[in-house]
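Number of protein chains: 2
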Amino acid sequence: MSHPVYKTDKSLELFKRALKVLPAGIPGHLGPVESQFIPTRAFPFYADRVKDSYFWDIDGNRYIDYMCAYGPNVLGYNNPVVEAAAAAQREKGDCMALPGRVQVELAELLVDTIEIADWAYFMKNGNDATSFAVMMARAATGRNKIIRIEGGYHGVAAWTQAAGRPGVTDADVGHNIILPWNDVAAFERAIAEHGSDIAGFIATPYDHRIFADNQLPAEGYWQKIRQLCTANGIVLIVDDVRCGFRLDLAGSARYFGFKPDLACYCKAIANGYNISTVVGIEALRTAAAHVFYTGSYWSAAVPMAAAVATIKELQRLDGANLMLAKGKALTDGLVSAAARHGLDLKISGAESMWYMRITNDDSLMLQQEFCAECTKRGVFFVSHHNHFINTSLTDDDIRQTLEIADEAFSIVAGRNPQRLNK
Amino acid sequence: MSHPVYKTDKSLELFKRALKVLPAGIPGHLGPVESQFIPTRAFPFYADRVKDSYFWDIDGNRYIDYMCAYGPNVLGYNNPVVEAAAAAQREKGDCMALPGRVQVELAELLVDTIEIADWAYFMKNGNDATSFAVMMARAATGRNKIIRIEGGYHGVAAWTQAAGRPGVTDADVGHNIILPWNDVAAFERAIAEHGSDIAGFIATPYDHRIFADNQLPAEGYWQKIRQLCTANGIVLIVDDVRCGFRLDLAGSARYFGFKPDLACYCKAIANGYNISTVVGIEALRTAAAHVFYTGSYWSAAVPMAAAVATIKELQRLDGANLMLAKGKALTDGLVSAAARHGLDLKISGAESMWYMRITNDDSLMLQQEFCAECTKRGVFFVSHHNHFINTSLTDDDIRQTLEIADEAFSIVAGRNPQRLNK
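Going down the list, the protein sequences come from chains S and V. For the first sequence, counting from 1, position 174 maps to 174 in this note's numbering; every step adds exactly one. For the second sequence, counting from 1, position 249 maps to 671 in this note's numbering; every step adds exactly one.
The shape of chain S in the complex, shown without the other chains (with noise of 0.2 Å):
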């Protein structure tokens, strides 16, 4: 059975238009040429609507969305109860001239479902939340250095970039320690060499790089951080932007059993509402209630509403649970059909936000062919990034999935007969 190749040309003609008023025409992740590394032919540029799992683009095709704007997307795009609660706090405000109640309700349902926090304080990016929780370490120390992952993703800011990207000056990123994952030894040999002033160490859950297998902890390796970082009064930071709510709804640290001083969230939050938040332990409240920081939209009513109705329904759900189940049933699907083509597909990372690779081709374009393939069909997936489920996701949709995906593997193995598992 052969599903029918997508056509994309209003795409493509309104990105022409685009490339005048905008640089690069679609700025940031979203873009076709730099974030998505899909061939510009097979890929959508602009999305008409979305529903539940899927969103249509301007040419009025139709993809079962595993990419959930990077994230937001939790419960299904204009899921009715978010929605509803979002609208009911519209209608007498969002963005105030003081907060409203609803900010203390998220608060106090953040300390109840989360195992770590004792308070909560809301901000707008992920990377406000990770920028917010540096400073606190730094406040609370009167330390300068923190610890980071090599690749380990924490927004844009320029103290999370790379020394010698664009506009990023040694200075912003002088301060940071730079360590591979899963490295307890290389943790101790940091601490030898710059103790007395490391303020914090910032980590995801685990290893979500983009362009690599994902890597989860090694046994006993947060147990062992935890330790070193109360020995030498390092705050642990958790940066759960992109993991949150998809492993466990108490935090992805509980999942993997240690309890951070501070940890982060966005995305999954507010399905798709534009909020993030930090929530700490008690010792960091004076931390969070002197460093500066604040912005215009910050108490913005309609996203706490979102969220708190996001949360309440995410725990209704079991939201994480179901989830990592579809992410399992997906990814067997995929790695079974991969196989029937000779194709060896390898899953890595937490299932209800999967990394895939076909390990056939070490270059990563049969990755890139394959993607292509499934997202000219209606199954939108990236090449280099892990995809995400949301709790809206049908077996249906699995169902249909696993069929152009069966389709996309068999083109590209005939393309590429030399690369067959034998």
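Hints listed in this document are in silico derivations from the structure and should not be mistaken for laboratory results. There's no promise every hint is true.
[Stated by the list, open to error] Lysine to aspartate or glutamate pairs mimicking DMTMM-like chemistry, simulated, CA-CA at most 25 Å apart:
(1) S:Lys-7 to S:Glu-407
(2) S:Lys-312 to V:Glu-513
(3) V:Lys-429 to V:Asp-828
(4) V:Lys-750 to V:Asp-819
(5) S:Lys-20 to V:Glu-537
(6) V:Lys-734 to V:Glu-527
(7) S:Lys-92 to V:Asp-431
(8) V:Lys-429 to V:Asp-474
(9) S:Lys-346 to S:Asp-197
(10) V:Lys-514 to S:Asp-118
(11) V:Lys-432 to S:Glu-105
(12) S:Lys-10 to V:Asp-540
(13) S:Lys-312 to S:Asp-332
(14) S:Lys-7 to V:Glu-527
(15) V:Lys-442 to S:Asp-112
[As the list claims (entries may be wrong)] Stretch by stretch, here's where chain V covers chain S in the computed footprint (C-beta under 8 Å, at least three residues):
(16) 72 to 80
(17) 282 to 295
Note that the coordinates shown come from a computational prediction; the quantities given were computed from them, not determined experimentally. Note that the Cβ used here is the ideal one computed from N, Cα and C, for glycine as well.
Starting from the structure of chain S, add chain V where the hints point.
Chain V only, in chain S's frame:
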């Protein structure tokens, strides 16, 4: 005639609940203690709802709101035209796996509207815009240092804060050169000393700092700065986050007769919907495309639809001139009312976002008392920040404001007879 004094017991009760789960109860610039500088007994802490020029606190009191959510409310809260545009886009989708058509439409509208704009780039916070502008200046010039103005506010990222503030390292601010406002000679000296390493100059269109009379640009100041920047290869950045659309829809720089290379907008751009932008000249398009800068919600379509509607509505109303005229009527009345009670009220800055200060008292305590007495009677003034006009403010709102201000001036003058002007 005497106006009833509001009670805010429910605000206080909820605030006590908030203190358990939010650092400082209400963090940031909407917090009642650190930022508003109104005696807390006068101050409502939470808004229940908003409409047009008003908010109602959770005790049911109505306020004429001269903070406009610190700027975003420019057409009146819940403006029907903006809400309809936002609702139509929301029905289709907001934060999607790809941008919507409206991203291109908004960029085109900004290029048509803002004098210097050859392109636009979208983000969320005002501070995202100022940080991106600084990174672009560095990327474009290969230099490190940034000139900024003493007391100028460009957000909360560590580089924008003063050395020694909690969480701020010396490295964060080490490349800042801080100069006095309106001082061309100081600018020339900075060039003589650091010229080959100065990437950019960032400043607001005029000096609208807190705790001091606001200062318009001196005659010829911006024109001379423009010449110096051009002659020395320095990127000229206007932070129009606070002034934007309240002086001139084509940019506050046009209002003051000069052309920056980059201009940052937020607040008034979408009547409270969460978006900011940097617009720039052709020569910086490449830098904009090369600095890596993106976020989870940055292509969300609803705030872009709201921005298109807001800008068109401001054009239809000649919004900037309308707000300047309303501000003039209000502030003329306030000065007269103060004088009737022997108090000298000094108005500074643009009338659409005026700063006011009772000059009879260097301690600024009379100012705090006056704002408190107004706020307790339904005119929401803060003490040491500029205020904001929105286009929905009515003549009757102004009349009521002046009545209440008259009573507040009378009370303050009566309590402080030794300070009256003779």
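*Going through the earlier hints one by one, which of them does the structure break, listed in rising order?*
9, 10 and 13
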